[in-house]
Structures are given as C-alpha cells and as structure tokens.
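Work out the full structure: start from the sequences and follow the hints.
Quick note, the sequences are listed as chains S and Z, same order.
Just so you know, the first sequence maps onto residues 1 to 199 in the numbering used here.
Just so you know, the second sequence maps onto residues 1 to 468 in the numbering used here.
FYI, nobody ran anything at the bench for these hints, they're computed from the structure.
This structure is a prediction, so every number in the text was calculated from the model and none was measured.
Glycine included, every Cβ here is placed at the ideal spot set by N, Cα and C.
Any given hint could turn out to be false.
Unchecked claim - Quick list of the computed label-pair ranges, beta carbon to beta carbon:
id	chain 1	residue 1	chain 2	residue 2	range
1	S	G145	Z	A331	38 to 46 Å
2	Z	G459	S	W28	55 to 63 Å
3	Z	E387	S	A152	55 to 63 Å
4	S	A122	Z	A227	41 to 49 Å
5	S	T68	Z	T276	49 to 57 Å
Next come the chains, spelled out residue by residue.
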Amino acid sequence: MRVTAETKEATRRTILEVTLELLRERGWDNVNTREIAAAAEIANGTLFNYFPTKEAIAGAIVAETLGTAAAGRRRPTEQPETTEEALFALIAGVIRKLRPLRSFLPARVHDSDDRIREEHLAEVERIAGELDMVQRHLYWTLFTGVLEFWAADDSPKQEQTLALLDQSVALFVASLERNTRHERRPAATPRRDSVRRRS
Amino acid sequence: MNADLQQLLAAIPFDDEADDAEIAALLGQRRIPTGRLARLWTLGTMQAQIAVAYASMWACSLFDPSQQQLVETHLAAALRLASGMIYLRGAVMKLGQALASYPNLVPNEISSTLERLHFNAPPMHFALVREQLENELDRSIADVFSEFDERAFAAASLGQVHRARLRSGERVAVKIQYPGIAKTIESDFRNLMLALAPLRFTRDWDCIAAQLDDVRNVVTAEVDYYAEADSLERARTWFEETDGIVIPRVFREHSTARVLTMDLIDGMHADSWLATNPSQEQRNAFGTKMYTASFRIYYTGHGDYADPHPGNYLFLDDGRLGLIDFGCMRAYDEDEWQIVSDMDRAFYEDRDTLRTLLIRFCDLNEAEARDERRMALLEESFRWIIEPLVAEEFDFGNGEHLKVGMEVMAKAVARRYTRSHPMQLMLSRTLIGLRSMLHRIGARVRVGQIHETELRRSGWSWVNEVLQ
Chain S
1 MRVTAETKEA
11 TRRTILEVTL
21 ELLRERGWDN
31 VNTREIAAAA
41 EIANGTLFNY
51 FPTKEAIAGA
61 IVAETLGTAA
71 AGRRRPTEQP
81 ETTEEALFAL
91 IAGVIRKLRP
101 LRSFLPARVH
111 DSDDRIREEH
121 LAEVERIAGE
131 LDMVQRHLYW
141 TLFTGVLEFW
151 AADDSPKQEQ
161 TLALLDQSVA
171 LFVASLERNT
181 RHERRPAATP
191 RRDSVRRRS
Chain Z
1 MNADLQQLLA
11 AIPFDDEADD
21 AEIAALLGQR
31 RIPTGRLARL
41 WTLGTMQAQI
51 AVAYASMWAC
61 SLFDPSQQQL
71 VETHLAAALR
81 LASGMIYLRG
91 AVMKLGQALA
101 SYPNLVPNEI
111 SSTLERLHFN
121 APPMHFALVR
131 EQLENELDRS
141 IADVFSEFDE
151 RAFAAASLGQ
161 VHRARLRSGE
171 RVAVKIQYPG
181 IAKTIESDFR
191 NLMLALAPLR
201 FTRDWDCIAA
211 QLDDVRNVVT
221 AEVDYYAEAD
231 SLERARTWFE
241 ETDGIVIPRV
251 FREHSTARVL
261 TMDLIDGMHA
271 DSWLATNPSQ
281 EQRNAFGTKM
291 YTASFRIYYT
301 GHGDYADPHP
311 GNYLFLDDGR
321 LGLIDFGCMR
331 AYDEDEWQIV
341 SDMDRAFYED
351 RDTLRTLLIR
361 FCDLNEAEAR
371 DERRMALLEE
381 SFRWIIEPLV
391 AEEFDFGNGE
401 HLKVGMEVMA
411 KAVARRYTRS
421 HPMQLMLSRT
431 LIGLRSMLHR
441 IGARVRVGQI
451 HETELRRSGW
461 SWVNEVLQ
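Now the structure itself:
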C-alpha cells in the first residue's frame, strides 16, 4: 500500500502529539518508544521509519514549538498589550508547552536549524517590528539563554526563570528603544507603541 | 529637588539614559510604576543606589572622624557592589529608620523618597502575573476566579494586589509576589554582610549585626505569604465585632507561599478620607481604633504591627478601620516579653527602676551606663514614649510631640547612641509610624485609657494589682 504524503504527515503529527501527552503524564524517563507506538496506534517498526529514537521525536517537538511559538501564546483580553508583555507571553507560551521536555531541552535549542530560528524570529518581528542583525542575535541569545536556565532551574516551580524572562525581555525591549532614540539605525522600525490584543 | 539630592544623584553611577528630573518625578510619588523605563529602574540599580548612598551617610555618623576616610573608601566599594542588589533598599531603610524620619539629618526629599521606596518589587504586567499565579495555584485563572482585574490596584510588599471575584462569589484581593524574590533577598543580605565586613572591627558592630539579623528575620518572614496568612488568622481572633476593626479573611485553598487571596475590604486610604473633611469626632474615633489595634497586637498578640504605613490602613464608610497588611509582624520571644512586662510594671509601680531597665533594654555596658549624657537622653526618649499615655486626652494633631521625638532620636544618632536591643528597632518603627499617622489625621486620643484596657488583656499577674 502506498502511503500518501498527507497520511505520512498526519502520522508524524500524531506521534509528536501522543509523545508530548505521554511525557506530560509520566515524565521523560518513564516513556519508551514501544509505548509511543502503541499510543499512536502504529507498529514499532513504523515508528522507526519516522524517528530513529525517542530523542529524535523530542527534538522534533522542540523544533516545532520554537518555530510555531505564536500558537502557544495566550493573549490577555482587556488591556492593550505592550511589546514587552507580548514578547513575554510568546516565550512563556513556549516554556509552558515544552514543560514535559525540560530536562532534555538544552542540546536541542542549540541544534535548532536556521528555518526554525527564522520562523520564530518572524513572529518576534510581528510583535516588535523589524529587527536588524544585532537585534536578532541579541534576541536569540536571550531567548535560548532563558530556555537553558529554565532547563536547569531548581527553584520552586521554576520561579527564577519567570524573573529572568521578565528581566531579559525588559532588557531586549529597552535596547530597541535605545537604538530608536539615538537614531543609530534609521532603517529599523521597531514598534514601540502598544500592540492591540487580537483575541 | 534641592542641592543635596542633586549632589547625591550626581555622586552615584546612574545609567546614562537616566534623567534627574524624571527620576525625581518617579520617586516623588508612590504608585505602581508601569512604564518600561520605570520597570528598568526598579529592576536595575537606581533605588538601591540611593538607598546605599543614604546608608553610607548613616554609617558614617557611627565613626570617629579619624576613620572617616577609610570608612568612605569601603563604603564606596560597597556602593558599587550593592548597585546590583534589588531589595537591599528595604533592609537599609529599616536599619536607618531613625535617620530616615529626621528631616534635620537628611534632606526632605531623601527621607520621603526612602519612605516610599521600601520593598517595591518590580511591577508585573498581566502576562507575568498570570504565569506566576497559575504556576502557584496549579490551576488556570478562569478555574478559580469568575472575574480578575488585569490591572493591579495596589503595590504590596514584594509584589502587587489585584481585585478579583472567586467562582464561589466572594470579592477578593489577590496579592501576588514577584517570582524569585526570596532568593534575591537572601543573596542581597549575603552581599550586604560582605560589603560591611570592614566594619566588623568597629565598636558598634555587634549591635549593627544583631539589628541586621532582626531585620533579616522580619524580611524573610515577609516573603512567606503562609506566614502572613497565619498572622492574619491569628489577628482576627484578637478582635471582636465591637472593636470596629476589620481584618480580612484568608482563602487558604487559593493561597500559597507566593499568593495570598483574602477578602476585599472596601475603604479609603488616609489621603482620600482626609479629602472628605472628616469631623474631629471621626478623626478621634479612627485614631482611637488605630491605638487600640496597636496595643491589642502588642498585649494580646505579643508582637508589633511593625509597618504602620499609611497604605496599610483603610477607612471604611461605616466608621470601621481596616488593617490589611500583616506581612511585617514581629513576635516577641519569652525573654523579650519579660523585658516588656518589667518595663510596663515599672511604669506603674516604680519608676526608679526604669533606669536599670533601660540599660537592659539598650544592652549598655558599664561605661555606657555611667555616661550621664547618654542616660539623660535615654530617659528623655522614654518620656517621649510615655507622654501620650499620661495625658487625659492626647492631641496628635499638634506636631510638637512628633518634632520632640524626632529631635531626641536625631540627638541619639548624632551622638552615635545607636546601640539598643534589636526589638527596639521595630518598636520605634511601630511608634513613629503610628504617631505620624495619628498626626496626619489630626486625632485626639485617650491613650492612657486604651493602654489600661489593653494591658489587662496581657495576662501578666501584676496588672490587676496595680490597676485597681
């Protein structure tokens, strides 16, 4: 039987979803590929056609989450949202979604390919306006730094990460403003005004 | 801004973006700073730097002129180190409490600024509030609250307060702590001790260290909202309906160490209430309740409501007084409570023994106790403390009393008589805070009468003998 591209994509997606669900329920060490295959209702061998290891599945989940961060962002409903708050919400959404993969995270964040990075930065630019090379680098450094800190954060409920995220985003937004104020980069158009909530 | 503040601002290493006028404007009002720049200031170093500069002024008053240069060098280093400490200002402010209250010793702008600065955690936007709240409660906001106001309505110690309505219908105030603050305070204290290390060899070090330790205990307790919930619940048992004093109920199932959900009390803060031109009778009635609350907590609760900040009192339309913040309670241990009992008893029975007790209270050595100037000042300070108690009705609206008290304390600082029992720090904070508040609302209070009534609740066996 020939497997169409659509069926293949649907199966791949199912594998990612059930894995995330299993990890959420049981934690990284208590889930194996046999259980993932069973939950996805496919044979063990079929699973390996898609992903050679559990780590590869997790890597794909991380990549997708970083690239499609906007999907995980919840928007408050009443107040106008500032650039800072919108960026905070974007990253907080990523962290929430990746919670089951926390211990596994650091290596994957560094390995994320250019496509993933570009997709994520495109979402950041939708919030903060166009970024130049330095700003993109600064953002990515802060973002991955926060994720790495989170992966090793042993504070209760990882509350230190929230504080670090808050301060990192404040720093990043302040750097956008500083550049605008000093008119060092007339080409860039960071949005300093409020971003209206869209939901 | 006067020249002194400008000099101070010029002396400390501000961010190059900062503008003096903006800073002064920001510091000139107690509000929840929501601007980005304001957020960065709180997160960064500005206020801590001012606080440390102020601490250095205070600390310098403790040393011989010959040591001045050495001390200044160390303090300059401490200032740089402390520039990264977010919450240091709180501790510093409490430590230098006496000085902060004295316009004669520091410029007005500085003392009033310090008053406003203490314990302002960085403000949180709603996205952060939601993450912190949901992490703490392990449930979504919508699961717990049918309404939740995204804007904070008050700044709280170490966090902020939001109005909300529980799914069960009650209107509540939800106090949310800035994440990770406990650890920050811990490391601030560690760094502060390192920064102050050169002072170890000075004569008042033990006293400074003991007072710092006491401040550290109170601050650490303030971080734990479970402890505050305990204090609130204990305090509710000390008051009866007829007292006209309201303390909010805690919703334990929606509270954690970092989130405190309690009854929302509808009332006005002092400024708004004063703007309604209350009558003298209304002022006296509220003043009486404030004193009753303070003595009740002291004699029944064996503790101090150590932060009688104007923001912690609410004036209700029906004449009741709301007490809303119990994060800064200090409980006395048995030894301390015995000193309190002995002092009270001496006040009624034998004022000749007071001198001995004051020596004990202030932990003076023999030489210090023989210093007549010092003892005279101590006695003057004690007379100031009891002045409202011995009057039939005391008029706090007359500023003379507060002024005299400040002068006594200013003399103590100027003559470097800063040594005292750690509990004295909190006690003077309570007294100065309470009496400033009573002065502000212009109340006349029968303090002695309230004192006698409340003293009977202390449980001390001697009380009924001396109060026939």
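Now the hints, each set against the structure:
Taking 38 to 46 Å as the suggested C-beta distance range, the pair S:G145 and Z:A331 conforms, at roughly 42 Å. At roughly 57 Å, the beta carbons of Z:G459 and S:W28 sit within the given window of 55 to 63 Å. Checked against the hint of 55 to 63 Å, the C-beta distance between Z:E387 and S:A152 comes to roughly 58 Å, which is consistent with it. Checking the proposed 41 to 49 Å range against S:A122 and Z:A227 shows it holds: the Cβ atoms sit about 47 Å from each other.
Against the hinted window of 49 to 57 Å, the Cβ-Cβ separation of S:T68 and Z:T276 comes to about 55 Å, which satisfies the hint.
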